[in-house]
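So the sequence lines, in the order shown, correspond to chains A and B.
Just so we're aligned: the first sequence equals residues 1 to 111 in this note's numbering.
Just so we're aligned: the second sequence equals residues 1001 to 1114 in this note's numbering.
Bear in mind the hints are in silico, worked out from the structure with no lab data behind them.
Careful: at least some of the hints might be erroneous.
Where chain A lies over chain B, by a calculated footprint (3+ residues, C-beta under 8 Å) [said to hold, decoys possible]:
| id | segment |
| --- | --- |
| 1 | 1019-1029 |
| 2 | 1074-1084 |
Keeping only pairs whose Cα atoms sit at most 30 Å apart, straight-line, the calculated DSSO-like set for lysine-lysine is [unchecked claim]:
| id | chain 1 | residue 1 | chain 2 | residue 2 |
| --- | --- | --- | --- | --- |
| 3 | B | LYS1009 | A | LYS57 |
| 4 | A | LYS56 | A | LYS98 |
| 5 | B | LYS1057 | A | LYS59 |
| 6 | B | LYS1009 | A | LYS56 |
| 7 | A | LYS57 | B | LYS1096 |
| 8 | A | LYS51 | B | LYS1096 |
| 9 | A | LYS59 | B | LYS1102 |
| 10 | A | LYS70 | B | LYS1009 |
| 11 | A | LYS98 | A | LYS57 |
| 12 | B | LYS1102 | A | LYS93 |
| 13 | A | LYS98 | B | LYS1102 |
| 14 | B | LYS1057 | A | LYS98 |
| 15 | B | LYS1096 | A | LYS98 |
| 16 | B | LYS1057 | A | LYS51 |
| 17 | B | LYS1009 | A | LYS51 |
| 18 | A | LYS70 | B | LYS1102 |
| 19 | B | LYS1009 | A | LYS36 |
| 20 | A | LYS51 | A | LYS98 |
| 21 | B | LYS1009 | A | LYS98 |
| 22 | B | LYS1057 | A | LYS57 |
| 23 | A | LYS36 | B | LYS1096 |
| 24 | B | LYS1009 | A | LYS59 |
| 25 | A | LYS70 | B | LYS1057 |
| 26 | B | LYS1102 | A | LYS56 |
None of these values were measured; they are calculated from a predicted model.
By construction, the Cβ of each residue, glycine as well, lies at the ideal position given by its N, Cα and C atoms.
If you want the building blocks of each chain, they are given just below.
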Amino acid sequence: GQQVMQIPQYQHVQEGEDFTTYCNSSTTLSNIQWYKQRPGGHPVFLIQLVKSGEVKKQKRLTFQFGEAKKNSSLHITATQTTDVGTYFCAGEKTSYDKVIFGPGTSLSVIP
Amino acid sequence: DSGVTQTPKHLITATGQRVTLRCSPRSGDLSVYWYQQSLDQGLQFLIQYYNGEERAKGNILERFSAQQFPDLHSELNLSSLELGDSALYFCASSVKGAGNEKLFFGSGTQLSVL
Chain A
1 GQQVMQIPQY QHVQEGEDFT TYCNSSTTLS NIQWYKQRPG GHPVFLIQLV
51 KSGEVKKQKR LTFQFGEAKK NSSLHITATQ TTDVGTYFCA GEKTSYDKVI
101 FGPGTSLSVI P
Chain B
1001 DSGVTQTPKH LITATGQRVT LRCSPRSGDL SVYWYQQSLD QGLQFLIQYY
1051 NGEERAKGNI LERFSAQQFP DLHSELNLSS LELGDSALYF CASSVKGAGN
1101 EKLFFGSGTQ LSVL
């Protein structure tokens, strides 16, 4: 079945350092979404990527969708303590298939 | 506030028991999703409903069942509970249930099976 993997599982960074999490799918995806879950909270939608090779930016966050639409990355520049949380990617094979979440990358930021 | 309401927030029960988790989607959303999140685990997709009909099924155990009612709220029933069923159960909703829509998550129901 379809699998979505993420690395690393955990990342500890010093405040101000950059952070990247990678998402890989065993199958081609129609689109990919990214969510953030703060400790004790619920997942909150960040962004969706649809096109092959697409790059989107939200302030210090940069999201990429691979050319083959099987991988994606989230890069945070100059992390802040407010970036703490678990970042999930989520994808599906077709627009009406079930949305499969990756296992998430838990980010800790040391002040 | 996502607009998705889940009740109860916390549930403590014993092995072998049955519980019902409730979810009210955002106003206007027709699709409801259920996810299970165990400690240090990701979000495991259980089941999706759209306008009262089951649309997609994930790794949902036979002891678990769900339904979406005419008013669009949904219930997840967990029976013959085991210790391993202890987890955070999230409900999410979207407008049409299409994969290119963002999901709005509720605050979850923390289930503890003792």
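Each hint, compared with the structure:
{"no.": "1", "hint": "1019-1029", "verdict": "violated (count 0)"}
{"no.": "2", "hint": "1074-1084", "verdict": "violated (count 0)"}
{"no.": "3", "hint": "B:LYS1009 with A:LYS57", "verdict": "35 Å, violated"}
{"no.": "4", "hint": "A:LYS56 with A:LYS98", "verdict": "24 Å, holds"}
{"no.": "5", "hint": "B:LYS1057 with A:LYS59", "verdict": "36 Å, violated"}
{"no.": "6", "hint": "B:LYS1009 with A:LYS56", "verdict": "35 Å, violated"}
{"no.": "7", "hint": "A:LYS57 with B:LYS1096", "verdict": "27 Å, holds"}
{"no.": "8", "hint": "A:LYS51 with B:LYS1096", "verdict": "21 Å, holds"}
{"no.": "9", "hint": "A:LYS59 with B:LYS1102", "verdict": "20 Å, holds"}
{"no.": "10", "hint": "A:LYS70 with B:LYS1009", "verdict": "36 Å, violated"}
{"no.": "11", "hint": "A:LYS98 with A:LYS57", "verdict": "26 Å, holds"}
{"no.": "12", "hint": "B:LYS1102 with A:LYS93", "verdict": "15 Å, holds"}
{"no.": "13", "hint": "A:LYS98 with B:LYS1102", "verdict": "13 Å, holds"}
{"no.": "14", "hint": "B:LYS1057 with A:LYS98", "verdict": "8 Å, holds"}
{"no.": "15", "hint": "B:LYS1096 with A:LYS98", "verdict": "13 Å, holds"}
{"no.": "16", "hint": "B:LYS1057 with A:LYS51", "verdict": "27 Å, holds"}
{"no.": "17", "hint": "B:LYS1009 with A:LYS51", "verdict": "38 Å, violated"}
{"no.": "18", "hint": "A:LYS70 with B:LYS1102", "verdict": "19 Å, holds"}
{"no.": "19", "hint": "B:LYS1009 with A:LYS36", "verdict": "20 Å, holds"}
{"no.": "20", "hint": "A:LYS51 with A:LYS98", "verdict": "19 Å, holds"}
{"no.": "21", "hint": "B:LYS1009 with A:LYS98", "verdict": "26 Å, holds"}
{"no.": "22", "hint": "B:LYS1057 with A:LYS57", "verdict": "33 Å, violated"}
{"no.": "23", "hint": "A:LYS36 with B:LYS1096", "verdict": "22 Å, holds"}
{"no.": "24", "hint": "B:LYS1009 with A:LYS59", "verdict": "33 Å, violated"}
{"no.": "25", "hint": "A:LYS70 with B:LYS1057", "verdict": "22 Å, holds"}
{"no.": "26", "hint": "B:LYS1102 with A:LYS56", "verdict": "16 Å, holds"}
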